[in-house]
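Undergrad: Given chain A, work out where chain B should sit, using these hints.
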Amino acid sequence: MGGYEHTLWTLFLPVISFVLLGLFGRKYFSKSAGLIGVFLLLLTTALSLYTAYQYFFVNGLVDGIYQKIDAFKFTWLTFSPGVSIDMGIMLDPISVMMLVVVSSVSLMVHIFSLGYMKGEERFATYYSFLGLFTFAMLGLVVSSNLFQMYMFWELVGISSYLLIGFHFQRPSAVAASKKAFIVTRFADLGFLIGILMLAFYGGSLDFNTIIQHLSAQQSSAYLAATTASFLGVTALTWGLTLVFMGGAGKSAMFPLHVWLPDAMEGPTPVSALIHAATMVVAGVYLVARLFPLYALNGASLEIVLNVGLFTALFAAIIACTQTDIKRVLAYSTMSQIGFMMFALGVSGTQGEQGLGYTASMFHLFTHAFFKSLLFLGAGAVIHFVHSNEMKDMGGLRKWMPLTHLAFLIACLAIAGIPPFAGFFSKEEILLATYNKSIWVYAIALITSGLTAFYMFRLYFSIFWRKEYNGHSHPHEGTMSMKIPLIILAVCSALVGLIPFGKFVSVGNQPLETHFHLMFSILPIIIGVAGILIALLMYKKENDRPQNMAQAFGNFYRAAKNRFYMDELYLFVTKNIIFKWVGRPSAWFDRKVVDGSMDEIANLTLETSKAIKGLQSGKVQRYAMYFFGGIAFLIILFVYILK
Amino acid sequence: MIPVSHILILSATLFFIGMYGFVTRKNLITMLMSLELMLNSVNINFVAFNKYLYPGKLDGIFFTIFIIAVAAAEAAVAISIIINLYRTHKTIDVGAATELKH
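Chains as they are written, first to last, in the numbering used here: chain A, 1 to 642; chain B, 643 to 744.
Okay, chain A solo, but in the shape it has when bound:
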């Protein structure tokens, strides 16, 4: 199963881009940085696509399943003969799928940024950060063990931090980048503890070994992990839940979602890449990676299901009330990731029951395309309108016909209108939830109706509603901004037709997915209804939205204020953590830790002051001391101590 040496280059090429542009970019490549980045990414994408082709079509099925392939592996740190940390590239259907998604979306963003970021002072630095991010994300998806994944996990975290804070002259961007970093770091603490627990009971850091050890129900490792318990919950459940906490932080699941809307301070192409298509789905990917364990452990899977479901609905409600178009998209992203999460939550491990898993990965795949398209479209709009607010837009369809068309396709895709991509994946998710529980299905259905509504609210507010009367003259961007929109629009329209179950399924056994016409009617009707309501309310300026807002009263206000989650966090941090933990700790540090050191220093000082009089500089005084000392010693040794 060799022949995957080129896959290693998918990681190296972005690193080359990062190092080259990071070190020499501003001096030597201030103009050509973008082209260098795009060129290297083009190679990366070509290699990824070739890897996917080779994996799915050349090696293909062996014994009816897609085998896991270690394309590359070496032992990095050996602590003892049994414990070592490896670095490796593991190829299996989901990692290959992610390779394709990450590299192609990254390529689109690289190209789009050529136009979008043109004239920025730190143009080369921007591309070097993009290279770092692409490297880290590709490394994350091909990781063969938990620890390697954790390292790349932190690397995507830091590149996200760097890119959110790219315009560091703006205090809000600095605050947002810090917030994103701290919140995800906090979640990663849970992730690290979870890794250590899984590694301890699984006896390894390697994904395959851990899964093998902990999913065999008779094995001693499984018994040890399920008998040991803390607070009445077994160690295995703790481990998996803590790992999920890391995933929830990165994927902006409630209640660790607060950083994502603020992360929109970053340049819009960055939001498209990191905060819509790739990094934020890392949590979903993590759960999918360890899915055999979650599937065996009902309690932790239940948590995944409930958190995902709640976030999907919660974020969808908030998205209906926001006026900053990027924030609408951010909440929409959270909601869609919630879909992916609860699709995993309802999945089983065998054949048809594993539909949720396939559906989740399928939605991840399609979502990457239409959501990055939405963000790039929004980026094009923001670039020429110079505002994020809906009220400054409207009527843009005449000025930006191509962007308008691309945006419309993406909106139809996310709303789940056939035959666009989102329809197929969402359909599978709904089917999987329907098979599991009618309540989950109902909530999912409501959420997808809300999705259609808020996306078309966004669409009509940007492109219809009124004649554009702003000060700037919006127009289509350069070629480099148009091409990604066209490519992504084509993808958003067509990728749904891929028979995804054939490639990605739980157990890596091809799964035949059926299309149920009768089942699809209800979701389509709900989606269309959402669009029609949005059409009535937002196509032309009228007072229906206000009436609606008034009808909902307090609920509307709460949603508009994001259910006061930020305020809650502020309250908790300022009034509880800072006051009751931070200040006492600071006091302890200043008074006890520093204080004891200060006292030691003071004591030395005082002693030296007391005895420095002895050192008078008078030779004869010294001689006296000397003779006195000798006389004393003589008396001591001769007469007393004999």
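Fair warning: there could be bad hints in the mix.
Listed next, the in silico DSBU-like pairs over lysine-lysine satisfying Cα-Cα at most 30 Å (straight line) [stated by the list, open to error]:
#	chain 1	residue 1	chain 2	residue 2
1	A	Lys-466	A	Lys-391
2	A	Lys-398	A	Lys-466
3	A	Lys-612	B	Lys-668
4	B	Lys-732	A	Lys-612
5	A	Lys-609	B	Lys-693
6	B	Lys-732	B	Lys-668
7	A	Lys-560	A	Lys-540
8	A	Lys-398	A	Lys-539
9	A	Lys-618	B	Lys-732
10	B	Lys-668	A	Lys-618
11	B	Lys-668	A	Lys-642
12	A	Lys-574	A	Lys-178
13	A	Lys-560	A	Lys-482
No wet-lab data here; the hints were simulated from the structure.
Predicted model, so just to flag it, every value in this text is computed and none were measured.
TA: Frame of chain A, contents of chain B only:
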């Protein structure tokens, strides 16, 4: 033959005279002379013990000669220090050389 105690009393007397002079005199030259006095009292001890306890050996006498040589070198160094002190301070009073205190 003179008993050894007489010689020891002599050397002890010399030593304490030297010590007294070293501690009380302010003039560096006088202090140096007192120092020589103490050294010589030690020499007397060496010679006396050599003569009375180990008459056949010469170790004590060699040591004495060695001390005399060292004392000569020491006197040379001390006098050059005193000259330098005189050049900088225009005095050879030991109380003047207390800069190290500060």
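Undergrad: Each of the hints needs a verdict: does it hold here or not?
TA: Taking the hints in turn, this is what the structure says about them:
{"no.": "1", "hint": "A:Lys-466 / A:Lys-391", "result": "holds, 10 Å"}
{"no.": "2", "hint": "A:Lys-398 / A:Lys-466", "result": "holds, 11 Å"}
{"no.": "3", "hint": "A:Lys-612 / B:Lys-668", "result": "holds, 23 Å"}
{"no.": "4", "hint": "B:Lys-732 / A:Lys-612", "result": "holds, 28 Å"}
{"no.": "5", "hint": "A:Lys-609 / B:Lys-693", "result": "violated, 52 Å"}
{"no.": "6", "hint": "B:Lys-732 / B:Lys-668", "result": "holds, 14 Å"}
{"no.": "7", "hint": "A:Lys-560 / A:Lys-540", "result": "holds, 22 Å"}
{"no.": "8", "hint": "A:Lys-398 / A:Lys-539", "result": "holds, 15 Å"}
{"no.": "9", "hint": "A:Lys-618 / B:Lys-732", "result": "holds, 18 Å"}
{"no.": "10", "hint": "B:Lys-668 / A:Lys-618", "result": "holds, 10 Å"}
{"no.": "11", "hint": "B:Lys-668 / A:Lys-642", "result": "violated, 38 Å"}
{"no.": "12", "hint": "A:Lys-574 / A:Lys-178", "result": "holds, 16 Å"}
{"no.": "13", "hint": "A:Lys-560 / A:Lys-482", "result": "violated, 33 Å"}
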